[in-house]
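Engineer: Which chain is which? The protein sequence lines are A and B, in order. Residue numbering for the first sequence follows my numbering, starting at 1 and increasing by one per position. Residue numbering for the second sequence follows my numbering, starting at 1 and increasing by one per position.
Hints listed in this document are in silico derivations from the structure and should not be mistaken for laboratory results. Yeah, the Cβ is synthetic: ideal placement off N, Cα and C, and Gly gets one too. Any given hint might turn out to be false.
Pairwise CB distance ranges, derived in the manner of DEER restraints [said to hold, decoys possible]:
1. A:L44 / B:N244: 38 to 46 Å
2. A:T83 / B:S97: 43 to 51 Å
3. A:P456 / B:V165: 33 to 41 Å
4. B:T32 / A:L44: 58 to 66 Å
5. A:R73 / B:E171: 35 to 43 Å
6. A:D51 / B:E171: 20 to 28 Å
In silico lysine-lysine, BS3-like type, Cα no more than 30 Å apart, as pairs [stated by the list, open to error]:
7. A:K403 / A:K418
8. A:K418 / B:K183
9. A:K180 / B:K183
10. A:K212 / A:K180
11. B:K183 / A:K212
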Amino acid sequence: MSGADNVVWLGTPPFPEAARAALADTRLRANLRRATGTIRDRRLAVTAELDDWEDLRDTAAAVKRRTLRHLDRHLLRLEETVTAAGGTVHWAADAAEANAIVTRLVQATGESEIVKVKSMTTQEIGLNEALAEAGIRAYETDLAELIVQLDGDRPSHILVPAIHRGRSEIREIFRRQMGKWGRPAPEGLTDDPRDLAEAARLHLREKFLRAKVAVSGANFAAADTGTVVVVESEGNGRMCLTLPETLITVMGIEKVLPSFADLDVFLRLLPRSSTGERMNPYTSLWTGVTEGDGPQDFHLVLLDNGRTATLADEVGRQALSCIRCSACLNVCPVYERTGGHAYGSVYPGPIGAVLTPQLVGVENAASLPFASTLCGACYDACPVKIDIPEVLVHLRAKAVEAKRRDRLLPTPEAFAMKAAGVVLSSPRRLAAVQRLAALGARLVARDGWIGVLPGPFARWSGTRDTPAPARESLRAWWRRTREAGRTTTEGKGR
Amino acid sequence: MRIALFITCFNDMMFPRTGRAVTELLERLGHTVEFPQGQTCCGQMHFNTGYRPETLPMVRRFAEVFAGYDAVVTPSGSCAGMVRDHHRVVAAELGDSALTEAVERVVPTVYELSELLVDVLDVTDVGAHFPHRVTYHPTCHSLRMLRVGDRPLRLLRAVQGIDLVELPAAESCCGFGGTFALKNADVSNAMLADKMRHVLDTGAEYLCAGDNSCLTHIGGGLSRLRTGVGTMHLAEILASTEGNVR
Chain A
1 MSGADNVVWL
11 GTPPFPEAAR
21 AALADTRLRA
31 NLRRATGTIR
41 DRRLAVTAEL
51 DDWEDLRDTA
61 AAVKRRTLRH
71 LDRHLLRLEE
81 TVTAAGGTVH
91 WAADAAEANA
101 IVTRLVQATG
111 ESEIVKVKSM
121 TTQEIGLNEA
131 LAEAGIRAYE
141 TDLAELIVQL
151 DGDRPSHILV
161 PAIHRGRSEI
171 REIFRRQMGK
181 WGRPAPEGLT
191 DDPRDLAEAA
201 RLHLREKFLR
211 AKVAVSGANF
221 AAADTGTVVV
231 VESEGNGRMC
241 LTLPETLITV
251 MGIEKVLPSF
261 ADLDVFLRLL
271 PRSSTGERMN
281 PYTSLWTGVT
291 EGDGPQDFHL
301 VLLDNGRTAT
311 LADEVGRQAL
321 SCIRCSACLN
331 VCPVYERTGG
341 HAYGSVYPGP
351 IGAVLTPQLV
361 GVENAASLPF
371 ASTLCGACYD
381 ACPVKIDIPE
391 VLVHLRAKAV
401 EAKRRDRLLP
411 TPEAFAMKAA
421 GVVLSSPRRL
431 AAVQRLAALG
441 ARLVARDGWI
451 GVLPGPFARW
461 SGTRDTPAPA
471 RESLRAWWRR
481 TREAGRTTTE
491 GKGR
Chain B
1 MRIALFITCF
11 NDMMFPRTGR
21 AVTELLERLG
31 HTVEFPQGQT
41 CCGQMHFNTG
51 YRPETLPMVR
61 RFAEVFAGYD
71 AVVTPSGSCA
81 GMVRDHHRVV
91 AAELGDSALT
101 EAVERVVPTV
111 YELSELLVDV
121 LDVTDVGAHF
131 PHRVTYHPTC
141 HSLRMLRVGD
151 RPLRLLRAVQ
161 GIDLVELPAA
171 ESCCGFGGTF
181 ALKNADVSNA
191 MLADKMRHVL
201 DTGAEYLCAG
211 DNSCLTHIGG
221 GLSRLRTGVG
231 TMHLAEILAS
241 TEGNVR
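Let's have the full structure, built from the sequences with the hints guiding it.
Structural biologist: Put into structure tokens, the structure is as follows:
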């Protein structure tokens with residue numbers, strides 16, 4: 001199983017098609033608009049509270065960029081410190097290796113059930129499916145992940161995987177599915193958030209108290225102390241990280257920070273950027289194993305899965321600075337209307353549009369870099385200042401290059417671009433085309449507007465009129481009114 | 001000041017009245033405006049769609065044609081952003097050191113209209129008169145690539161007779177995005193629908209912006225729905241005077 005099989009969900013159509021289906025779902029759009037709007041306003045309010053917010057962003061961006069430049073060194077240091085603290089470090093080049101390592105570790109405990117928290121990286125590698133093949137059942141314990149798992153669904157948001165679901169939908173999912181996974185939903189469950197949370201609490205408590213093995217992700221790891229960090233809101237993570245006997249953490253190699261002191265900046269940036277909270281309710285830190293307290297067997301799986309290839313790209317590598325706060329999703333006008341599933345990847349939204357194509361190879365996710373208007377709202381919101389629009393246009397060029405290389409060109413688009421390039425590289429040719437267009441427009445325009453257009457413009461003209469080209473271009477007007485009888489040395493009229 | 005007008009390929013063909021407005025306005029303020037006939041396009045469409053080698057001739061031409069002016073002005077935030085942010089990228093990736101030097105020389109002289117007026121010419125009241133209800137859409141590239149901030153609004157507030165009303169959710173993208181509107185037409189439409197709703201909520205007669213491409217997208221939608229709301233480039237409002245309301 002290659003990385004691409006999991007990061008990108010097989011069978012998902014290209015973004016424009018998937019987006020069309022999502023746009024037709026009015027309930028989805030209402031859920032998204034409400035949820036992203038709320039988080040967006042909260043984030044703006046709490047970031048405005050800090051005078052040094054921009055300094056924090058600069059510092060965080062600098063730490064991340066510097067860490068990525070010497071990633072090898074920090075990872076080796078992390079291996080050293082984790083090992084010294086009684087943990088075991090495993091290196092996984094891709095999804096298949098990571099899944100094999102985790103499966104083997106769980107099998108060694110003799111258990112056939114595990115609890116999970118912070119599951120995005122394990123979603124990336126398809127761990128639950130791999131464990132299921134080995135007869136091991138994995139239970140998601142984050143409330144939103146639980147909802148997604150119970151429904152046989154896919155996460156659609158980095159922070160709020162079930163953002164596309166409303167309260168009444170969640171009640172239905174609980175009523176229908178909870179019994180199949182453990183303790184059923186209580187009789188007469190309402191869609192009151194308190195009621196729903198209580199149902200989840202009762203359902204999950206049984207799992208926590210029974211589980212001998214937990215699998216987690218990680219938000220950060222400090223190389224100098226070997227400390228691994230999980231940041232969360234519900235306390236379910238803390239149950240997973242403390243109650244079981246064996247803890248297996250699967251972490252992308254980009255999550256390492258040089259030192260424990262670096263956490264200072266990131267633990268201030270992350271909650272404000274992600275949930276719009278000044279501080280998140282639960283921050284769990286653990287360093288190896290502690291006798292008589294917490295899991296007595298700790299394994300850290302360091303996952304590459306396309307990350308070193310991403311690191312090799314000088315423009316694209318900044319995507320690895322991402323701390324998975326989801327601020328870019330919440331401000332993205334495209335995400336707000338399509339939701340996460342349209343991106344066909346574990347990582348949706350603007351960050352997904354730059355991260356996914358790099359992890360799996362741009363030719364395997366070629367529509368994603370184009371799933372943006374380049375409005376730049378994501379860059380402004382990013383706490384670690386990833387210039388997402390810059391990476392998007394960089395990857396667009398790579399997507400076109402890949403097509404050239406694989407001789408998939410000329411497409412109609414490439415032909416049009418070439419033709420436009422020929423026209424636009426010569427003012428004389430441009431002027432000739434302008435005269436032709438003005439002539440043609442006069443035949444089809446009514447009151448200065450053109451209605452239906454052919455070919456690639458058909459979808460555009462379904463909802464918009466197009467203004468007719470002017471009878472006289474500015475260039476022609478200037479020549480007629482300003483340069484008549486005068487000679488000019490300005491410009492070269494090639 | 002000797003100012004070159006970079007009209008942009010789109011305005012040249014579709015909205016020459018914007019270029020005439022820029023010219024009248026700057027001449028009214030006592031400056032010399034020149035139109036280098038060798039100009040074509042900033043290359044944004046090619047660059048943003050991933051066709052970088054095709055962008056190179058346009059970058060080269062721009063640096064050549066616009067060399068040596070006190071200032072180059074363009075009535076398009078997005079084309080100004082292309083020149084400022086991306087011409088050096090193209091030059092570095094595909095050009096030679098001579099091109100890079102030429103680009104570095106010309107880029108600091110390139111201004112979007114409101115930047116030129118407020119920052120370089122140091123004027124906010126341009127003596128305009130426009131007795132209409134107007135709402136202003138800050139286009140994404142002006143807002144986030146160029147960071148023009150409230151310069152256009154300061155210019156508009158100084159216009160006599162204007163009834164300037166705030167646009168709800170003004171900073172949301174209208175959904176144009178160049179080839180995005182063709183490649184992702186459905187998402188673009190959904191964004192346009194919201195933008196139009198906000199424009200209509202203001203009761204404005206005119207929607208104003210510093211970029212005719214965004215205005216074409218929103219204005220085309222407003223026209224199709226027969227809303228009666230017009231679109232007008234910032235330059236045209238600023239060029240209007242009591243005796244000559246556009």
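Engineer: Among the hints numbered above, which are violated by the structure, and what are their numbers in rising order?
Structural biologist: When the structure is compared with the hints, numbers 4, 9 and 11 turn out to be violated.
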